[in-house]
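Line by line, the protein sequences are chains W and A.
So the first sequence is numbered by the working numbering: it starts at 1121 and just counts up by one.
So the second sequence is numbered by the working numbering: it starts at 622 and just counts up by one.
None of these hints come from the bench; they were simulated from the model.
Everything numeric in this text was worked out from a predicted model, so none of it was measured.
Some hints could be false.
Residues from chain A that face chain W, not an exhaustive set, calculated with beta carbons under 8 Å [stated by the list, open to error]:
#1 Pro657
#2 Ala673
#3 Gly774
#4 Tyr810
#5 Pro815
#6 Ala816
#7 Glu827
From the derived model, a few chain W residues whose C-beta atoms are all more than 10 Å from chain A [said to hold, decoys possible]:
#8 Asp1125
#9 Ser1208
#10 Val1235
#11 Val1253
#12 Val1254
#13 Ala1270
#14 Arg1283
#15 Arg1289
#16 His1299
#17 Leu1327
#18 Leu1367
#19 Asn1377
#20 Pro1386
#21 Thr1426
Backbone N, C-alpha and C fix where the C-beta goes; we use that ideal spot for every residue, glycine too.
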Amino acid sequence: MSGIDPILLLAALMVGSTPILLAAIGELVVEKSGVLNLGVEGMMITGAICGFAVAVETGSPTLGFLGAAAGGAALALLFGVLTQFLLSNQVATGLALTLFGLGLSALIGQAYIGVRPPPTPRVDLGPLTDLPVVGRVIFGHDFMVYVSLALVVAVWWILRRTRAGLILRAVGENHDAAHALGYRVVLVRLAAILFGGACAGLGGAYLSLIRVPQWTEGMTAGAGWIALAIVVFSGWRPFGVLVGAYLFGGVSVLQLNLQAAGVAVPVELLSMSPYLITILVLVVMSSRSRTALGAPASLGKAFHATT
Amino acid sequence: MHRRTLLAATAALALGTGWAAAQDDPVKVGFIYVGPVGDGGWTYEHDQARQAVEEHFGDAVETVYQESVPEGADAERAITQMALGGADLIFTTSFGFMDPTMNVAERFPDVKFEHATGYKTAENVSNYGARFYEGRAVIGHIAGKMTETNKIGYIASFPIPEVIRGINASYIAAKKANPDVEFSVVWAYTWIDPAKEADAAQALIEQGADVILQHTDSTAPLALAEQAGNVIGFGQASDMAEYKPSPRVSSIIDNWAPYYIDRVQAVMDGTWESQSVWHGIDEGMVEIGEMTDAIPEDVRAEAQDIADQIAAGEYHPFTGPINRQDGTPWLAEGEVADDETLLGMDFYVEGLTGEIPN
């Protein structure tokens, strides 16, 4: 243990968790509106390649991230049209979206193998970065880490404190009642789905443009599924998502650090620890309070105005 | 006049050996890949070799491939389909395709099969593999010479003989070059997961490693090394030339092309026979990528010398005295490891710390 610097670990944890955090906060909004989109993985990987392609072609990482959000949202739109207008099954459509996204990204990515994207600079906060402890942890990151944290706060504020958030939650809790009150259920849900897609796209692009940075087929490697689990883990609360993502990312980074430091713990145990702890926390939470109550009541149910 | 005689002679020869028939009906060569051709590593290099076969033989061959074939029951279906599709020679390019290949080969005695990195053969099944450990000894030497912190990080994939052999070979070479060197091994449990590889590289760098060796296939560790500034690494499976001249100071490249061309030629000539080969630097299956100027000149020369000696058969990376990790003797002074032990290697050599997971 002695060899691990907790400050560096904390900084690494924030970077390692950001893709999952971005995807999970988007999915939280989608689920809060009563839609279950299992296509997070597909939207992430599509965002990863769209962002990568745009960044390489334009030379600007910022435009790359915008492209990633657009790519993720475009795929989400497909899901939205299928589930909201054609009333297809959300679970099946979401799974298909993941498969489609993986294939589509591989196709677009053909020309980008072995290419290096333009570097994304760290945000230069001048002397702040040199502060002891907090300097490296709080002020030493690239801009997307701050964007992800700002998004969590914004989502919390909008859901809890604004009229728009109230409408979104009403639609997610009881779409018939919301409809009876005159709210456009389908449009609200479509907007949430697009937001979720854009966030997942950003999460994917964080991997391909900053974390790795390169394009590899299937590079999200299941991060989308973790994001889905974290939404449940959070009890559909924005700050719960933050805790969940950082906990999962933290344990993942910690286990690699423990291995690198040569701590005598069986490697098998360390490798499965992130998943083990996620399961453990889920069990503890569900036994303590009825987390099921945290789930939006209309989650996964199709809505049609005439019924 | 000369040319005309030559043409006439060729035509006569062609008719005589039935080569003309083969001209009309190209030899069909099939490839079964475990990953996508765009993985930038293992499957990518196999596909490069497939393209080299096409280029070499032109119209005389037709190649087909199927990518991302899962190891397991579905592989048998994919191989069968390829055999039914009229393939004359099929390369199955992953360890997990071994039993499916054997099963299909039994049902198609006229089709030739080549299985990579396995150990089973039959009348119409060969197996082939590469002595990557030879390359690892070369880069291990460079690593040992170039580290200033004396800490070398190693990102390992799965605890199988191939990977353990690589760790041992590079450790022995690094230790020889620099007796103070220490290895930290991190098991990532993946062949390719860029995010995890990046996290692993970062953890190793934070622990003070200034050389990163990897047995995973993405360039993520090199990107992290570049960010850190004074850390170097090596290309794995393919050259990873985009990180030249530093952090990527050299690489181990899998070059399957000469072998594939050779075997296709054998099928054309009707001289194909079942065999079991394990080729290294000598045969060109393992290549050391360009050593850049980031490596001091004398170290470059020494590394080249090691590679040349290995190729010439004058030096074996596993030459005694070598003890196992627990201190029991493995190889006596001057003794060289036999292939059987190497193929089933499940132990660390003395000096490495940590345990191999089961």
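> Would Val1253/W pass as off the interface with chain A, using Cβ distances and a cut of 10 Å?
Replying inline: holds (16 Å)
Distal placement of Val1254/W relative to chain A, Cβ over 10 Å: Label holds. Min Cβ-Cβ 18 Å, cutoff 10 Å.
Answer holds if the nearest beta-carbon of chain W is closer than 8 Å to that of Pro657/A; otherwise answer violated.
holds (4 Å)
- Against chain A, does Arg1283/W hold up as non-interface, every C-beta pair farther apart than 10 Å? Correct as stated: the minimum Cβ-Cβ distance to chain A is 38 Å, above 10 Å.
Grab the minimum beta-carbon distance between Pro1386/W and chain A and tell me whether it stays above 10 Å. violated (7 Å)
Requested in this report: Using 8 Å as the Cβ threshold, decide whether Ala816/A counts as touching chain W.
Outcome: Where the cut-off is 8 Å and the nearest Cβ of chain W is about 6 Å from Ala816/A, the hint holds.
For Asp1125/W, which was marked as not at the interface, is the minimum beta-carbon distance to chain A over 10 Å? violated (6 Å)
**Message:** Verify this label for me: Ser1208/W is non-interface relative to chain A, using a Cβ-Cβ cutoff of 10 Å.
**Reply:** Non-interface label stands for Ser1208/W: nearest chain A Cβ at 27 Å, farther than 10 Å.
Is the claim that Ala1270/W lies outside the interface with chain A correct, judged by CB distances over 10 Å? holds (22 Å)
Checking a non-interface call: every C-beta of chain A should be farther than 10 Å from the C-beta of Arg1289/W. Is that right? holds (33 Å)
At a threshold of 8 Å, is the proposed contact between Ala673/A and chain W supported by beta-carbon distances?
Where the cut-off is 8 Å and the nearest Cβ of chain W is about 18 Å from Ala673/A, the hint is violated.
- For the hint on Glu827/A, does the least C-beta distance to chain W fall short of 8 Å? Glu827/A check passes; min Cβ-Cβ to chain W is 5 Å, inside 8 Å.
Consistency with the previously given hints fails for numbers 2, 8, 10, 17, 19, 20, ordered from lowest to highest.
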